[in-house]
Amino acid sequence: MRTPLKITIGWLILLFISLFPIYLWFQFGSGAEDFSNYASTTHSLGEIFGLVGMTMFALTFMLSTRIRWIENIFGGLDKVYITHGILGGTALIMILAHPIFLVLKFIPTQTSLAATYLLPSGYWSINFGIIALVGMVALIFITLYSKIKYHKWKFTHEFLGLMFLLAVFHIFMVRNTISQDNIFNGYYIYAFIVSCIGLFGFSYSLFLKNRLFKNSIYSVKSIEQAHDFFEIIISPDHKPLSYKSGQFIFVRFYNEDVSAEAHPFSIASKSDDDNIRIVVKQLGDYTQKLAHLKVGDKVAVEGPYGKFNYRKYPQQEQIWIAGGIGITPFIGMAEDLAEDKDFTGHVTLFYSVKNKDELIGDDIFHQVAQKTQKFSYVPWVSNNQGRIGVKDIYERSGRFKNKEFFLCGPTPLKESLINAFVKNGVSKKYIHEEIFDFR
Amino acid sequence: MRFKKLKLSVGIAMIAFILVVGNIFLFAGLLKSTIQDVSAETLTLPDQQAVVPKVPTVETTVKTLIITTNDIPAVEATPPPIVTPTTTPPAPEPVVVTTAPQPQPVVIQTVRRTRAS
Chain A
1 MRTPLKITIG
11 WLILLFISLF
21 PIYLWFQFGS
31 GAEDFSNYAS
41 TTHSLGEIFG
51 LVGMTMFALT
61 FMLSTRIRWI
71 ENIFGGLDKV
81 YITHGILGGT
91 ALIMILAHPI
101 FLVLKFIPTQ
111 TSLAATYLLP
121 SGYWSINFGI
131 IALVGMVALI
141 FITLYSKIKY
151 HKWKFTHEFL
161 GLMFLLAVFH
171 IFMVRNTISQ
181 DNIFNGYYIY
191 AFIVSCIGLF
201 GFSYSLFLKN
211 RLFKNSIYSV
221 KSIEQAHDFF
231 EIIISPDHKP
241 LSYKSGQFIF
251 VRFYNEDVSA
261 EAHPFSIASK
271 SDDDNIRIVV
281 KQLGDYTQKL
291 AHLKVGDKVA
301 VEGPYGKFNY
311 RKYPQQEQIW
321 IAGGIGITPF
331 IGMAEDLAED
341 KDFTGHVTLF
351 YSVKNKDELI
361 GDDIFHQVAQ
371 KTQKFSYVPW
381 VSNNQGRIGV
391 KDIYERSGRF
401 KNKEFFLCGP
411 TPLKESLINA
421 FVKNGVSKKY
431 IHEEIFDFR
Chain B
1 MRFKKLKLSV
11 GIAMIAFILV
21 VGNIFLFAGL
31 LKSTIQDVSA
41 ETLTLPDQQA
51 VVPKVPTVET
61 TVKTLIITTN
71 DIPAVEATPP
81 PIVTPTTTPP
91 APEPVVVTTA
101 PQPQPVVIQT
111 VRRTRAS
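Protein chains in written order, with the working numbering: chain A, 1 to 439; chain B, 1 to 117.
So here's chain A without its partners, still in its complex pose (with noise of 0.2 Å):
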């Protein structure tokens, strides 16, 4: 199964799951008579607004768990990290217009009602409603907006989970209160069922994990740097974890001088290796901090994730595409292949890098081109040869049609080269593409 409609098909279940409140509120509630006038329409769009937002809240908790089956269905770890930030940012839209809509009835004739109504009060349900809505702009804007450093942006990403707390009794206390309409039959089953959901997401990936499932354990066996980054290789204390090549897994260096925060990495090394190598670009405070790594310290690995592996093509002819560190699942997949027998296709490699010198697994990839004719492999150095385009895939690969094409890089290197390949008829089913800066 292609990618791509694992997607749909994992954002067709979230779309259904989050409008689900509009269908309960016409179905058994008072459904299209309270869109008679303009006060009844906005009240009711208010509560349909806040019903879609919170449901859409709870299912980020979800989204954010790595629990299998959902990575399953939306075609890799790092494509449900994406939907879950779409998701939190459309849930933070949703509950921005909830209150917006609920007071616009108050606006023709009675405005200070609308600003009283807006104003913590004596009311605790409409005060926890008001403070997690609050706290969700700041921690959603922290998120999207700032430069902080990732363990500290984790720890406050972290607080989402106490607004949907307060969020949860904002919604079981305000019917009794404030809201004197019915909203809808079974309204408590579907607040009980949300606040589930999203409670059990959020405290699973904070403490539940962690307890149930025991991370691999490690120890550095070799640290090597090189230009700008790091290549590390980590040889297992008990039983290897069995992986594919182009996965990656969460790794959490035990070391007194580097965060203790899991990251992720890609798997540099071919399938069910029993050492794994990970190759780190130094972007960063964290991964700059990897140079007082030692050989002999522990390294926690949990995964491996992502669904990124040409093996699924092994008869069509391919392009991988490689921009800067967006290199480190290629050389994996090109050990693989050079072993490969069932694999009768032919794969180009692209691999674009500002300087010579940053040319990361350069001999592996000159080694596999000589070991089998099913490789060809294409440096490209933007600083000699301009920006690599669509032009120049084309001349060195030839017709495009029926070709799979995998892609991991920088996004902007990602986003215009995709155009570029829509745009002369590949269709975005032959498109795989790697995404490794969801944060």
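Worth double-checking, as some hints may not be accurate.
Straight-line Cα separation of at most 27 Å, DSS-like style, residue types lysine-lysine; simulated pairs [what the hints assert, rightly or not]:
(1) B:K4 x A:K152
(2) B:K4 x A:K147
(3) A:K244 x A:K214
(4) A:K391 x A:K423
(5) A:K270 x A:K298
(6) A:K371 x B:K4
(7) A:K154 x B:K5
(8) A:K294 x A:K270
(9) A:K354 x A:K423
(10) A:K429 x B:K4
(11) A:K270 x A:K154
(12) A:K354 x A:K149
(13) A:K147 x B:K7
(14) A:K429 x A:K401
(15) A:K428 x B:K5
(16) A:K354 x B:K4
(17) A:K289 x A:K147
(18) A:K221 x B:K5
(19) A:K152 x B:K7
(20) B:K5 x A:K423
(21) A:K149 x B:K4
(22) A:K356 x A:K154
(23) B:K5 x A:K149
(24) B:K7 x A:K428
(25) B:K7 x A:K423
(26) A:K374 x A:K341
(27) A:K429 x B:K5
(28) A:K423 x B:K4
These stretches of chain B come out as covered by chain A in the derived footprint (C-beta under 8 Å, 3 or more residues) [as the list claims (entries may be wrong)]:
(29) 5 to 13
(30) 17 to 29
None of these hints come from the bench; they were simulated from the model.
The beta carbon of each residue, even a glycine, is placed where N, CA and C say it ideally should be.
Add chain B to chain A, keeping to what the hints say.
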């Protein structure tokens, strides 16, 4: 870069929210200060007698309901409050309260006030 459209949408929603809420508070504040200004003006008028408050005319009618059942215990009917208009029109006729003889039938009188514009 990844969430470019999302960042834009959420940003617009946040700004729109702030604008709407801010305007509500602004207009509510203006409305409140306007009301305060008007009442202050009224209070400082030199001749209070010159200000004739506009009071609606009140018409009072008496409706008599007679219940003939014997099962209902006797209830002492209390006369409704007499509403005296403060405007220049002549005062309404006094309400005549008729109490039915005990024990039966029970007479309950209600007053319906209607506001004439």
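**Asked** Quick check: which numbered hints come out false for this structure?
**Response** Going through the list in order, the structure violates hints 6, 11, 18 and 22 and respects the others.
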